[in-house]
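Visitor: So you can see what is in the structure, the chains are spelled out below.
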Amino acid sequence: MNIDLFFQYIVAGLTYGTIYAVVAIGFNIIYNATGIINFAQGEFVMLGGMTAVTLHQILPLPLAILAAVIITMAVGALIEILFIRWLDRPSVLRMVIITIGISILIREASLHIWGEGVRALPYFTGSSETSIRLGGVFVSPQVLWVVGISAVMVILLNVFFTYTLPGRQMRACSANRDAARLCGINAKNMVTLSFVLSAGIGALGGSIVSPITYVQYDSGTQLAIKGFTVAILGGLGNSAAAVGAGMILGVLESFSIAVLPAAYKDVISIAILLLILFVRPSGIFGSSEAARLSEF
Amino acid sequence: MRPKHLQMIGFLGLVVAIQLVTRATDSAYHLTQLTMTAYYSLLVIGLCMLIGYAGQISLGHAGFFSIGGYIAAYLTTHDLSAHKGAAFVALFAKAGLLRTRPDLYGGDLLTVQPWAACLAALAVTAVVAYLVGGPVLKLRGHYLAMATLGFGIIIYRIVLGTTALGAADGISDVPGFSLLPGIEVSGNSSLRVMNYYIAWGLVAAGMVLLLNLIHSRVGRALASIHGAEDAADAMGIPTARYKLKTFVLSAVFAALAGVMLTHYNGGIGPSEASVMKSVRYVAIVAIGGMANLWGALFMSLGLNYLSLRGYFGTYDDAVFGGILIVIMLFAPDGLLRKQLLSDVRRLFAGRTAGGGA
Amino acid sequence: MRLIRLMAVAVILAVALAATPASAADTIKVGAILAVTGPASFLGAPEAKTLEMMVEDINKKGGILGKKIELIVKDSGASPEKALSFAKQLIEEEKVLAIIGPSTSGETMKIKNVAEEGKTILLSCAAAEVIVNPVAKYVFKTPQKDSYAVIKIFEQMKKMKLSKVGVLSSNTGFGKAGKEQIEKLAPEYGMQIVANEVYDKAATDLTAEVTKVKASGAQAILNWSIEPAQSIVIKNARQIGFKGTIFQSHGFGNIKYVEAAGPAAEGVIFPAGRLLVADVLPRNNPQKALLMKYKKDYELKCHGEECSTFGGHAYDAMLILTKAIEKARSTDKEAVRTAIENLKGVVGTAGIFNFSPQDHNGLDMTSFEMLTVKKGKFVPLGK
Chain A
27 MNIDLFFQYI
37 VAGLTYGTIY
47 AVVAIGFNII
57 YNATGIINFA
67 QGEFVMLGGM
77 TAVTLHQILP
87 LPLAILAAVI
97 ITMAVGALIE
107 ILFIRWLDRP
117 SVLRMVIITI
127 GISILIREAS
137 LHIWGEGVRA
147 LPYFTGSSET
157 SIRLGGVFVS
167 PQVLWVVGIS
177 AVMVILLNVF
187 FTYTLPGRQM
197 RACSANRDAA
207 RLCGINAKNM
217 VTLSFVLSAG
227 IGALGGSIVS
237 PITYVQYDSG
247 TQLAIKGFTV
257 AILGGLGNSA
267 AAVGAGMILG
277 VLESFSIAVL
287 PAAYKDVISI
297 AILLLILFVR
307 PSGIFGSSEA
317 ARLSEF
Chain B
-14 MRPKHLQMIG
-4 FLGLVVAIQL
6 VTRATDSAYH
16 LTQLTMTAYY
26 SLLVIGLCML
36 IGYAGQISLG
46 HAGFFSIGGY
56 IAAYLTTHDL
66 SAHKGAAFVA
76 LFAKAGLLRT
86 RPDLYGGDLL
96 TVQPWAACLA
106 ALAVTAVVAY
116 LVGGPVLKLR
126 GHYLAMATLG
136 FGIIIYRIVL
146 GTTALGAADG
156 ISDVPGFSLL
166 PGIEVSGNSS
176 LRVMNYYIAW
186 GLVAAGMVLL
196 LNLIHSRVGR
206 ALASIHGAED
216 AADAMGIPTA
226 RYKLKTFVLS
236 AVFAALAGVM
246 LTHYNGGIGP
256 SEASVMKSVR
266 YVAIVAIGGM
276 ANLWGALFMS
286 LGLNYLSLRG
296 YFGTYDDAVF
306 GGILIVIMLF
316 APDGLLRKQL
326 LSDVRRLFAG
336 RTAGGGA
Chain C
1414 MRLIRLMAVA
1424 VILAVALAAT
1434 PASAADTIKV
1444 GAILAVTGPA
1454 SFLGAPEAKT
1464 LEMMVEDINK
1474 KGGILGKKIE
1484 LIVKDSGASP
1494 EKALSFAKQL
1504 IEEEKVLAII
1514 GPSTSGETMK
1524 IKNVAEEGKT
1534 ILLSCAAAEV
1544 IVNPVAKYVF
1554 KTPQKDSYAV
1564 IKIFEQMKKM
1574 KLSKVGVLSS
1584 NTGFGKAGKE
1594 QIEKLAPEYG
1604 MQIVANEVYD
1614 KAATDLTAEV
1624 TKVKASGAQA
1634 ILNWSIEPAQ
1644 SIVIKNARQI
1654 GFKGTIFQSH
1664 GFGNIKYVEA
1674 AGPAAEGVIF
1684 PAGRLLVADV
1694 LPRNNPQKAL
1704 LMKYKKDYEL
1714 KCHGEECSTF
1724 GGHAYDAMLI
1734 LTKAIEKARS
1744 TDKEAVRTAI
1754 ENLKGVVGTA
1764 GIFNFSPQDH
1774 NGLDMTSFEM
1784 LTVKKGKFVP
1794 LGK
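Residue numbers (the numbering used here), protein chains in the order written: chain A, 27 to 322; chain B, -14 to 342; chain C, 1414 to 1796.
The set of hints was computed from the structure by calculation and includes no laboratory data.
These numbers come from a predicted model, not from an experiment.
The beta carbon of each residue, even a glycine, is placed where N, CA and C say it ideally should be.
Please note that a few of the clues may not be correct.
What the hints assert, rightly or not - To be clear about the criterion: a stretch of chain C counts as covered by chain A if any three or more of its residues have a C-beta under 8 Å from a C-beta of chain A, and this derived list gives those stretches: (1) 1533 to 1545; (2) 1602 to 1615; (3) 1620 to 1628; (4) 1664 to 1677.
What the hints assert, rightly or not - Label-pair restraints from in silico Cβ distances: (5) C:Met1573 - A:Phe32: 26 to 36 Å; (6) B:Ala108 - C:Lys1481: 39 to 49 Å; (7) A:Gly141 - C:Lys1788: 18 to 28 Å; (8) B:Ile168 - C:Asp1745: 53 to 63 Å; (9) A:Ala297 - B:Gly212: 31 to 41 Å; (10) B:Lys69 - A:Gly161: 54 to 64 Å; (11) A:Gly161 - C:Met1573: 24 to 34 Å.
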């Protein structure tokens, strides 16, 4: 393998990795607030992409994306209020099944609303052929947009959780829910907020990657599984680690096709997931203490 | 007579009654879907044992179903005559594991006997379940759900990506399975009534086995695991071993269902291994009431039958998604319970009281 | 308690059993098993819409032989076990004259024997050659053969003096069938396969795959799939600076994929039926009138959604069936089946069908036209 090819694989890997990381961060936010894995996270990404494409017919691109994010946030809030908020200490099994049910319903509803066709936003700059040449490596400008916007998003999230009141309240809830409630924090509202936030992040991710990956009614499931792998790989709840883990998985997948038939690409990433679960459930970056397996 | 026996007699009576009704109304064709339903039900009761009684969720049981089905399909259709000289073929032939049958083009196919293929399928599934179950069952909650889901996806991907297994097209032209001379599992319409009874007979046998298990020492141990695993552990109950045994047992039920349905349908495709199938099975167990074998069985009978008849049209998956949510929200202990009405009343009472606060 | 519950289930089942619709003698029952939802919905959905549109149209004009057509569409979700259940249901209960579909080859192969045993005409909308080879008495198919598409492409490559080809295909029945034909026919046409990759049908980025192909020194990429991934292939190949020609299968015949790929799709060459270039066909082309009408009707019914060749396969199936019924002047299964085998010169969307007892597909090489993409539109490839 020559050096240019090597870097071309790396770039491909980083592209996948960024997408996975965005989904994983969405998982983590809800997990931190509730201890729930939201199996419908991939559907937020799909909804965001679909809505943005539809709105782009009447709105300019930035506005369409903004509106799509807001609409998806509203859907996130609605789901939390309708299905989760009023349950009194539901078991994990119950929550797993409910969120799987929600993901199926969103998917089937999208099929009946939008049909089976693929959609995509236009490239933000240039076109589907444009690429920037870095040495011997070709990079689509959209990849830079995705990486850039994702990076800004991670930074803003950090600021939100560290410096703002609602962000700190959310962290308090995830650290110790009962103690937070005693301090006068409305834990239920924090859970709703976590759904709104992660729906928004998913929708933004779905919009910005749609020129590269396209979006279709059933594209959420695939992303959810990869996102979950990355979330586990980085250690559940740890968003900074999820970014690193996303890159690792993306690059691994990209190189896997150099040695194995591409048809088995997904087998690799899931085998990695199983291996991590069996050997080091706290993730490669996490401490074993943090996993607290018995609690969830 | 104990109530346990009464239930079984009632069930067998129902099976016979349905057949007599279809005979009387000249609509024996319903038995086709009812036979397919029976095999899915076999999987469902095994899964119910695992989820409801051992308290371990599995989102990968379609994987075990497909391992069984695909092994049976591959071995009974793969022509070995090209390898006639090979030592293993000679050995198998001597052991009576092979047979020759004519193929579509008038030539002869040398394939493995369905009996041998069936036993191989069950054995492989048991080994796979044992190997996977060991580490998987150490996990709990989300991790367990995700690990089993991951296992299911891996099987789906392998089935879909392997040319020898027909990739996306699956395997067709699987022959019938003669259990005994004159008794054959196949989709041939002249054998329809016989196959209906074979299928439901298997389900009845499975039910007897599982019901006895529940009322035995093992069942009580499982109940204690479901209630409080740590406490059970502390009492000296080998929880890990019991969980693993139940997991393997339910996987073998799934594989047997896969083998039989593959022979009955004359083929299998990758859709049998899809995640949506696994989710469906869990949905049926959930609506049946988790720890309620009879509930799971009747819900499987109803829902699979309606789905296979195409009653849900293009909303097939949505119906199962909707069922999952509604049941888990309002009746997490299932539908088939008498205290359901009082639960609903309590729920509304609780809601209004909560609203005032 | 339990007994009451048992009784309840029994009653429900009895009602369901009794609710089987009575068949009316003055209609012609036609079944359709299509993957309207699920992973092959891009095939089944346009097929179902096309059939509904045609039946509505036929019935408005008074039906065939004075009888109305009763269409029963069953959504299989591309699951063979459901297709099988539905096939038995349609044949034994509904006693349909013919079944149109299924959409995929895997499903068709599972129900081939059921149709034979039930002596019911099956008009498959799936492409694989095994469906009609060996010929089964009651089984027909309307899409062109994969091997013809491959031959057309190889001939074009020869003309362009290309010999090193990188093959990509998806892990679906369509991709698999194409890959097999490519591997089989390549030596015959002096083509050297320098890379041969299979990717997942739901793949969202194929940069790594096309990088591998480019590194193999391929002069041309030949991609075989029917999913959105086929436009991702083009995009990614151009982004990493692949300069050679890109060939696609006849599965590329959906303008959505061109739109999705944007300017990268310019210059892609692929074989297809003439439906896609109906408006630029010469006036004297025998297919022109029919294609223009189908296009117009479909786009009217589906609110401007562009028609694809997949819907055309269902159109042809229904067309052949109605022609055969008219020819046989009867709705007897056996008579209609024989009539189909003797149909000649039926102008359909995929080409001109000439059936015979040995040929249950009825199309030849001329049914394909080499097309290319120019300014975001399909046009015939210039000579």
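Visitor: Please go over all the hints and tell whether each is borne out by the structure.
Guide: A quick look at each hint next to the structure:
As drawn, the stretch 1533 to 1545 of chain C meets chain A at 0 residues by the rule of a beta-carbon pair under 8 Å; below three, the given contact is violated. Counting residues of the stretch 1602 to 1615 of chain C whose beta carbon lies closer than 8 Å to any beta carbon of chain A gives 5, which reaches the threshold of three, so the coverage claim holds. Judged by the Cβ-Cβ criterion of 8 Å, the stretch 1620 to 1628 of chain C is covered by chain A as claimed, because 6 of its residues qualify and three suffice. Against chain A, the stretch 1664 to 1677 of chain C contributes 7 residues with a C-beta closer than 8 Å to a partner C-beta. That satisfies the three-residue criterion, and the hint holds.
For the pair Met1573 (chain C) and Phe32 (chain A), the supplied restraint of 26 to 36 Å holds, since their beta-carbon distance comes to about 32 Å. Separated by about 56 Å at the C-beta atoms, Ala108 (chain B) and Lys1481 (chain C) break the suggested range of 39 to 49 Å. Take Gly141 (chain A) and Lys1788 (chain C): their Cβ atoms lie about 26 Å apart, and the range 18 to 28 Å holds. At about 37 Å, the CB distance of Ile168 (chain B) to Asp1745 (chain C) disagrees with the hint of 53 to 63 Å.
For Ala297 (chain A) and Gly212 (chain B), the Cβ-Cβ distance of about 34 Å falls inside the hinted range of 31 to 41 Å, so the restraint holds. The hint said 54 to 64 Å for the Cβ distance between Lys69 (chain B) and Gly161 (chain A), and at roughly 57 Å that hint holds. Distance hint for Gly161 (chain A) and Met1573 (chain C): a CB-CB separation of about 31 Å, consistent with the stated range 24 to 34 Å.
Of the numbered hints given earlier, the model fails hints 1, 6, 8; all others are met.
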